[in-house]
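Visitor: One letter stands for each residue in the lines below.
Protein chains: 2
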Amino acid sequence: MSDTAWNHLTTHITELQTLAGVHGLLQWDQQVNMPPAAAGLRAEQNALMAGLVHKRLTAPSYGDALTALLPSTDPVRRASAKHLKRDYDRNTKLSADLVDRLARAQAKGFQSWMAARDADDFKVFVPALSELVALSQEKAEAIDSSRPAYDVLLDEFDYGTSTATLVPMFARLRDGLTELVGATRDAPAVPAIDLHVPLDVQKRINETVISSLGYDLSAGRLDMAQHPFSIGLGRGDVRITTHLYENDLLNGLGGTVHEAGHAMYEQGLPHDTLSGTGLNVAASYGLHESQSRFWENTIGGSLPFFHWLSAQLANEGVKLTADALYRAANRIEPGLIRISADEVTYNLHILLRFELELALFDGSLAVADIPDAWNAGMHKLLGQTPNSGVDGALQDVHWSSGAFGYFPSYTLGNLYAASLGVAMEEALPDMWEQVGQGEFSHILSWLRTHVHHHGSQLSAPDIIRNAVGDRDPVEDLLSHLWSRHGALYGVSRME
Amino acid sequence: MSDTAWNHLTTHITELQTLAGVHGLLQWDQQVNMPPAAAGLRAEQNALMAGLVHKRLTAPSYGDALTALLPSTDPVRRASAKHLKRDYDRNTKLSADLVDRLARAQAKGFQSWMAARDADDFKVFVPALSELVALSQEKAEAIDSSRPAYDVLLDEFDYGTSTATLVPMFARLRDGLTELVGATRDAPAVPAIDLHVPLDVQKRINETVISSLGYDLSAGRLDMAQHPFSIGLGRGDVRITTHLYENDLLNGLGGTVHEAGHAMYEQGLPHDTLSGTGLNVAASYGLHESQSRFWENTIGGSLPFFHWLSAQLANEGVKLTADALYRAANRIEPGLIRISADEVTYNLHILLRFELELALFDGSLAVADIPDAWNAGMHKLLGQTPNSGVDGALQDVHWSSGAFGYFPSYTLGNLYAASLGVAMEEALPDMWEQVGQGEFSHILSWLRTHVHHHGSQLSAPDIIRNAVGDRDPVEDLLSHLWSRHGALYGVSRME
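First to last, the protein sequences are chains R and H. Under the working numbering, think of the first position of the first sequence as 43, with each following residue one higher. Under the working numbering, think of the first position of the second sequence as 43, with each following residue one higher.
Hints may contain errors.
Just so you know, same-sequence chains aren't split out, so a pair can sit in one copy or run between any two.
SDA-like, lysine to any residue: derived pairs with alpha carbons at most 20 Å apart [what the hints assert, rightly or not]:
(1) K165 <-> T427
(2) K135 <-> H495
(3) K97 <-> L58
(4) K422 <-> T315
(5) K361 <-> V432
(6) K124 <-> G105
Everything labelled a hint here was simulated from the structure, so no lab data went into it.
One chain only, chain R, in its complex shape:
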């Protein structure tokens, strides 16, 4: 019986993942290649593929196989059944009617968010956003009415964490970041430099950098798109896009390295050993983000990295010293926009969104009051006040699709990355010398072993705990930021 169920399961999961990869190609193509006139057709194609995937995700025979396999003594089968049953239960607890209303509200939400941005008026977005909040409440209740709605929503992105864990951790991080930003505010500014490099040269440099880091271009590709993203379509096909800026080499390169970090995680997943188990996927959004941020910031913002990069640039006739690059990359500039925030202030942007989401779901904040709360929070956290909705509460796409509980993953990723960095320095004592020489294979290999190869056999917190031991990630992140950015600004942490 168990073997029959297992065969059914692995066949089913293989088909599901294959379908999801095809759906992924539609999405990639939409951002990279799709002719404008195909928008309507693509919407139909996406809906059809999503329907085929959903039908298989909620198939009763699949649920039966999962139930049969839960008591399995084989560790992989048990882990697989447990992992998949969680999603199966989530998916089957939502009525077809609720799924339909959510899909419509998401479509309406995106349109309405775009219209609100065009009008620069949050009020335009209020009705659709209110509906999304209400439906998300309803969804959370349908899935598990015994827990706070926001915790249930968090599960979708970072299973294994909770509001009870995040609130005190993020509060400590907020205090520490505020202290660092305050200390550097009165220090002499680190001046900007001219980072103008022709786009064709940048394209070559970006490819050189990511293939040196270990992104396998024969199992992926780099394209230009409006927004950088990475997408895993399955084994041997993990693609990334980037956006380059003629006058800002580091902006484009940072985005490319970030996406390559995501993509190297996908390329390192256990496609061989755990094929068909559903465990050959990333463990959580936060862990995914830890990989992108580790490469983008921990490695890609380090002085040894810029020593190596400076030599690569020289090969292309671009003269920028390692020191100049390092200083330019690590300037602290509190601003209004999350996606252009520096490494230090970035998390303050996330903490604001987290606080607002918590308040929306515990009922203490009304949707219509978001702009005031946003502006007050920005002023308090970053000393900035938005002039417009586009610079404020309308800047992110996430809420327009009802993705509440997503934002914390970004900061979790930064926290995980910090602890991974400390553990790696201990395991690879000469890692910074290697980085200076453009030798990244031991670093990637360490991540493969300690993070990627687990797939989702373990939860993200367990993977991190196994990899770094019993560490305090808030302290690791603050310590990293003080030693890099504090030092750059000549300020020291108070004891």
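Take the given structure of chain R and dock chain H to it, following the hints.
Guide: Below, chain H alone, put in the same frame as chain R:
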């Protein structure tokens, strides 16, 4: 009842076409973008999508709806049911076992053909090709044992024609072409010219030309690939690829215009009015080819076209006179390779393949004897003898996938194109002046009305008959070739 069946049908066909478009995107991506390491994954994705399409093509409820709609009094419903029932019957008459054996034989056939080309030894290909011929016989018998196998196979590509029609028509064409080639053989050669143009300039010229012809780039795109092809993924998304040669502007441009011809047909199909009917598709392979060849040769090989092109080239700093381009494009050069053949000798290549296919399926030719028959035929038709299999019977991919009955479509396309050209000259007396000025919209509009907008409401022969009247396409083609190529070589047709 009929309304219920019709609703079922249109929903089913819409889903089928949407799935087919998604499958098409996989195939396009495979030729244009796919990373090499994704080959295995892509094979699984293709198989899965083909299976989803096949399941819907043979669904009993779909067959029931078709049967219910056959006696419909509404002309669109009746045409739709009749058209779709034909395919449904073909598909359901094949046992799952035969479909499976055919799929395996096709996969093996392609591998074996590649291996035979590597070894330049037709014998390597004989076992796999023999199996494909036998299975195609079996398939034809399963579909309709009352007709000759080859006629049943022809239906798949050009429904509405038959061996009885093609044999005498092709024999007259062969005699006429042989006469023209013979007459030009002793005439002074038309010399080649230097057609070297940088690839980036060619790319721009190709885009200018096809968008001027009427290919809508906002509903499609032009990419570089190993082989030129066009693919319609649905409404608003018809893509083409080409291959450009730095030293041969006209070779690349001819291929691009050919594919744009296919694509303009797809863009002109009645997606609005006949959505969901299954009639919003091309009527036949031959008719499809008539559109590509019309634009490539009738228009794209004409002196007025080169007058316009010469001016476009001058804008890019390329100096080539209309006369020089015209002469270079219309040289007759009997050779061994079909895909690089000129407009005159091209059809002789097809006629050889047609004769061999007929002989294979009436049992008068054994697979092992193909190379001898090929070489003898080439010598007789074109005065050329291949030195190798790659230059001879191994040059085309078609047989390796069991696509017997496909080749005649190419010559049917040239015949249809010739008659369309004559009818259009009568309908648009100043069409050549328009071409000379780069004004192609009336020509495209005529094709839209007389060919594209019909979709497959009528068979290809009926569409052509309605468009051109009761004409002799062999005479139209020969007359076109004598007046263009004969004149270029200074020879006249014998009365």
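Visitor: Taking 20 Å as the upper bound on the Cα-Cα distance, should K361 and V432 be classified as within, between, both, or neither?
Guide: Close neither inside one copy (37 Å) nor across copies (52 Å); limit 20 Å.
Visitor: Taking 20 Å as the upper bound on the Cα-Cα distance, should K422 and T315 be classified as within, between, both, or neither?
Guide: Neither: 49 Å inside a chain and 59 Å across chains, both beyond 20 Å.
Visitor: Quick one: K124 to G105, C-alpha cut-off 20 Å, is that within a copy, between copies, both, or neither?
Guide: within (11 Å within a copy, 42 Å between copies)
Visitor: Which holds for K165 with T427 at a C-alpha limit of 20 Å: within a copy, between copies, both or neither?
Guide: Answer is within; shortest intra-copy Cα gap is 18 Å, inter-copy 78 Å.
Visitor: When no copy is named, should K97 and L58 be tagged within, between, both, or neither for a Cα gap of at most 20 Å?
Guide: Close inside one copy (10 Å) and across copies (17 Å); limit 20 Å.
Visitor: When Cα atoms must be at most 20 Å apart, do K135 and H495 count as within-copy, between-copy, both, or neither?
Guide: Neither, since 31 Å and 48 Å both go past 20 Å.
Violation of the numbered hints given earlier is confined to hints 2, 4 and 5; the remaining hints are satisfied by the structure.
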